[in-house]
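Using the hints, build the complex out of the two chains.
Chains as they are written, first to last, in this note's numbering: chain H, 1 to 116; chain E, 1 to 115.
Derived by calculation from the structure, the hints in this document are not laboratory data. We put the CB at the ideal spot given by N, CA and C, even for glycine. Errors might be hidden in some of the hints.
[Stated by the list, open to error] For the chain H half of the interface with chain E, some residues (derived, Cβ under 7 Å), not all of them:
1. T30
2. Y32
3. L48
4. F51
5. S52
6. L56
7. Q58
8. F106
[As the list claims (entries may be wrong)] Partial list, derived from the structure: chain H residues whose beta carbon lies under 7 Å from chain E:
9. V37
10. S39
11. G43
12. L44
13. V94
14. T101
15. G102
16. K103
17. Q108
18. G109
Next come the chains, spelled out residue by residue.
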Amino acid sequence: AQSVTQPDIHITVSEGASLELRCNYSYGATPYLFWYVQSPGQGLQLLLKYFSGDTLVQGIKGFEAEFKRSQSSFNLRKPSVHWSDAAEYFCAVVLLGSGNTGKLIFGQGTTLQVKP
Amino acid sequence: DTGVSQNPRHKITKRGQNVTFRCDPISEHNRLYWYRQTLGQGPEFLTYFQNEAQLEKSRLLSDRFSAERPKGSFSTLEIQRTEQGDSAMYLCASSSAGSSSNPQHFGDGTRLSIL
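Excised from the complex, chain E in its bound form (with noise of 0.2 Å):
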């Protein structure tokens, strides 16, 4: 058990430009999550895959996001256009087959911060 890793940790950009976030979840998980968590605040969901597809999208999950997993492993979110307000962590997280109820394996996150 590795772990989820996600890349980069940090990521600064300019407001305007896109960019790119990966999660690479716990092998044999085939439940992924994006959640995105602001400074004294709670994570708050994004969007769920179960394996190569996407299952559910928050209302958060604007039409400058998007989100894939295209072979049911790996995942990337991409924002594109960025804003002041898209300053966050962003966490990615996966779980096991079965239960709703299995816990979530929470990667170290990528801080996003837009100047």
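If we strip away everything but chain H, and leave its shape as in the complex, we get (with noise of 0.2 Å):
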């Protein structure tokens, strides 16, 4: 079936580690992806995206995400995380074709506890 995958329910990394939160796609042919956060009782900021070109983006915030065609991934990085960045964090697709109206397709979420 069609579907966004974001394997990891919840993550606890503490201050100042590395950071990678897993998503994986599978639809016929890639589609827009993009990375977005969401604080609790609030709306979701966009963090990054990606289209085509470099398979490296540069997100806000210090994040970055690396789409793998091979493996359709789109995994989210930080080198070093903040207590800041705790969020529940979504990966999610945008279809390409005719008639495709932009909505986006979410993952289930990946919870980020930080630890001081």
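Below, the structure is given as structure tokens:
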């Protein structure tokens, strides 16, 4: 079935440690790829996006993501996590093709907890 | 850019009542989306407007749900005869015209609780 999968529901890292959040998609053609972050009780903020070109994309707040076509993955990384990064992270796709309205299809999210 | 605004932020109502939510998108954005997010899940698409035209509706949008965007600016989402299962966060997002890759900007959502 077509889907966006975030295998890790919950991740805990120590402040200053590196972070990688996984995202896999299963669609016939490579969709547009996004990562969003959501703080409690808030809407979603775009961290970064990938459409084409360089497979390593830089985003806001020191985040980056790497697109790997062979693995159908778009993993989010940060070299050194700050306590303020604690939030819920969503991977999302927009399918390509005529008639597509640009609606986002989300994974179920990964909750990041940061230990002092 | 004042961002996407949603009202109210919270709504508590009894089962069977009707509720209406409002979304004011970023002023120059002609694309508007509604999503629903339940606890522990990612948002799910409900419906899409391009200007005043409602161009796509999810199967999640039962007959009790209706959305409008009468002048291509703000939008409303109404739920009639609310049920327990309607309890969720309702998110609105907008994006500019052109490519479907244009990023969506989200409001802070309306949290609906059904007693």
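Here is how each hint holds up against the structure:
Interface hint status for T30/H: violated, as the beta-carbon distance to the closest one in chain E is roughly 12 Å, over 7 Å. For the restraint placing Y32/H at the interface with chain E, the shortest Cβ-Cβ distance is roughly 5 Å, inside the 7 Å limit, so the hint holds. Given hint, L48/H at the interface with chain E, is violated; its Cβ is 10 Å from that chain's nearest Cβ, farther than 7 Å. The beta carbon of F51/H is positioned within 7 Å of a beta carbon in chain E (closest approach about 5 Å), and the interface hint is therefore held.
Interface hint status for S52/H: violated, as the beta-carbon distance to the closest one in chain E is roughly 9 Å, over 7 Å. About 18 Å separates the beta-carbon of L56/H from the nearest beta-carbon of chain E, more than 7 Å, and the hint is not met. Restraint check, Q58/H versus chain E: the minimum CB separation of about 15 Å is more than 7 Å; hint violated. At its closest, the beta carbon of F106/H sits 3 Å from a beta carbon of chain E; the interface hint therefore holds under the 7 Å criterion.
Taking 7 Å as the C-beta cut-off, the interface hint given for V37/H is violated, the closest approach to chain E being about 11 Å. Restraint check, S39/H versus chain E: the minimum CB separation of about 10 Å is more than 7 Å; hint violated. The criterion of a C-beta within 7 Å of any C-beta in chain E is met by G43/H, whose closest approach is roughly 4 Å, and the hint holds. The closest approach between the C-beta of L44/H and any C-beta of chain E is roughly 4 Å, which is under the 7 Å cut-off, so the hint is satisfied.
Of the supplied interface hints, the one on V94/H holds, with its beta-carbon coming within about 6 Å of a beta-carbon of chain E, less than 7 Å. Because the smallest distance between the Cβ of T101/H and any Cβ of chain E comes to about 5 Å, under 7 Å, the interface hint for this residue holds. About 3 Å separates the beta-carbon of G102/H from the nearest beta-carbon of chain E, less than 7 Å, and the hint is met. At about 4 Å, the closest approach between the beta carbon of K103/H and any beta carbon in chain E falls short of 7 Å, and the interface hint on this residue holds.
Nearest Cβ of chain E to the Cβ of Q108/H: about 5 Å, under the 7 Å cut. The hint holds. Hint on G109/H holds. Least Cβ distance to chain E is approximately 5 Å, under the 7 Å limit.
Taken one by one, the earlier hints fail for this structure at numbers 1, 3, 5, 6, 7, 9, 10, listed in ascending order.
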